[in-house]
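Construct the entire structure; sequences and hints are all you get.
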Amino acid sequence: MKDFAFTGGRPDPYTFPTEALIEASAKALRKLGGQLVNYPGESGYRGLRELASMRFERREGVPLPVDNTSITSGSMQALELVLGTFIKPGDTVLTEEFTYSGTLGIMRHLKANIVGIPMDYVDGMDMDALEAQLKALKRQNVTPSLIYTTSNHQNPTGAILSLERRHRMLELAEEYDTLIVEDDCYGDIDFVPNPTPASLFKLDTSNRVIFIATFSKILGAGVRQGYFVAQQPYYGMIHHNRWDGGTSALASAIVAEFFMEHLEAHLETTNAAVGAKCQTVIDTLEANVSDLCTWTKPRGGLFLWIDLPESTDMNKLSELASAKGVGYSNGSAFHYAGDPVKAIRLAYAYCHVDDVPEGITYLAEAIRSAQMATVDAAAAD
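Just so it is clear: in the sequence shown, position 148 is 981 by my numbering, and no numbers are missing.
Source of the hints: derived by calculation from the structure; they are not laboratory data.
In this text, a Cβ means the ideal position worked out from N, Cα and C, and glycines have one as well.
Keep in mind that the hints are not guaranteed to be accurate.
[Unchecked claim] In silico SDA-like pairs for lysine to any residue, Cα to Cα no more than 25 Å straight-line:
#, residue 1, residue 2
1, K971, R1001
2, K1157, T1194
3, K835, D1187
4, K1130, T1102
[As the list claims (entries may be wrong)] Ranges of calculated distance between the beta carbons of each label pair, as one might list FRET restraints:
#, residue 1, residue 2, range
5, R863, K1130, 41 to 49 Å
6, E1094, N974, 50 to 58 Å
7, E1191, T976, 48 to 56 Å
8, K921, A1105, 31 to 39 Å
9, R863, G894, 29 to 37 Å
10, L862, S1144, 54 to 62 Å
11, G867, T976, 47 to 55 Å
12, R941, T1127, 43 to 51 Å
In structure tokens:
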């Protein structure tokens, strides 16, 4: 049986640049040589920090401050460090109503009071709802530790926070004296030209934004090369809690060598491949379940969100899909409070493009059967 893996935020394995990375590895080793006997230091390999700065400038028109950029083991370590610095047990944090399950896991581990803010699937977090929540918290004498947002190609919905909402979020953070953690781990995975507005970090004029990103989502999750950027005093505060001696200088140097030469070409190749898979998912859903479901139409990123009929038997759906080798993620995993949700998330980059129609057709059949099972049970009662 085939494995139709529509789970996990993994890039396209069929465009992974193995030979180019072998060449980059040789260059990195010749360049560093015996320097690799040393610890990389908390901020990490400078060459990759410089690349992160150049990458940001390519997109935003301004560089990142290299000396305030720190390399981490993927964006997850960046999140652990940043959230662990600013969240104490019982603190209130604000985020989109649906957000990355890994981030929610860290927040729960830190014993945060997570407050979900309503959002739409196109323009992201609702700023009127955010303002109302901030006002309500102020009446209770509560100042949130931070606002967390995935501003571009949001996980799980694919929403892109609009420019107007970005400006308003910055104004509200200033007014209510809180920080913003901008998670841009899906930045540069664009299917259409220039889909994303200026970053919150770029727009920030009052030192309210901590920026997180990664190279893993445009290269490979196994690469584990992420980073955070923060101005002082926050940069020093975050590093005060770091004890690992720094991220692998060899891995960082290999990634830096590769992307210094191949960033544009690599993004063009991988974005075209992933975008084609996304469109194939949409076309197959349209042909099979357009009468039952609605779904997002991503402008980039790795995820598509499907709203299912309220009558869907979620257990039956899981059973039927699994029987055909189809994997997906339950929507409840992304709800800030873990509430039951009649929705699922598909990650479309990993499965081979030729297998996508078959896998999504099986999923559509499972959705329809799970719907019918619920309706028939209700009729029997």
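**OP:** Hints the structure violates: just list their numbers, smallest first.
**Re:** Violated hints: 8 and 12; rest satisfied.
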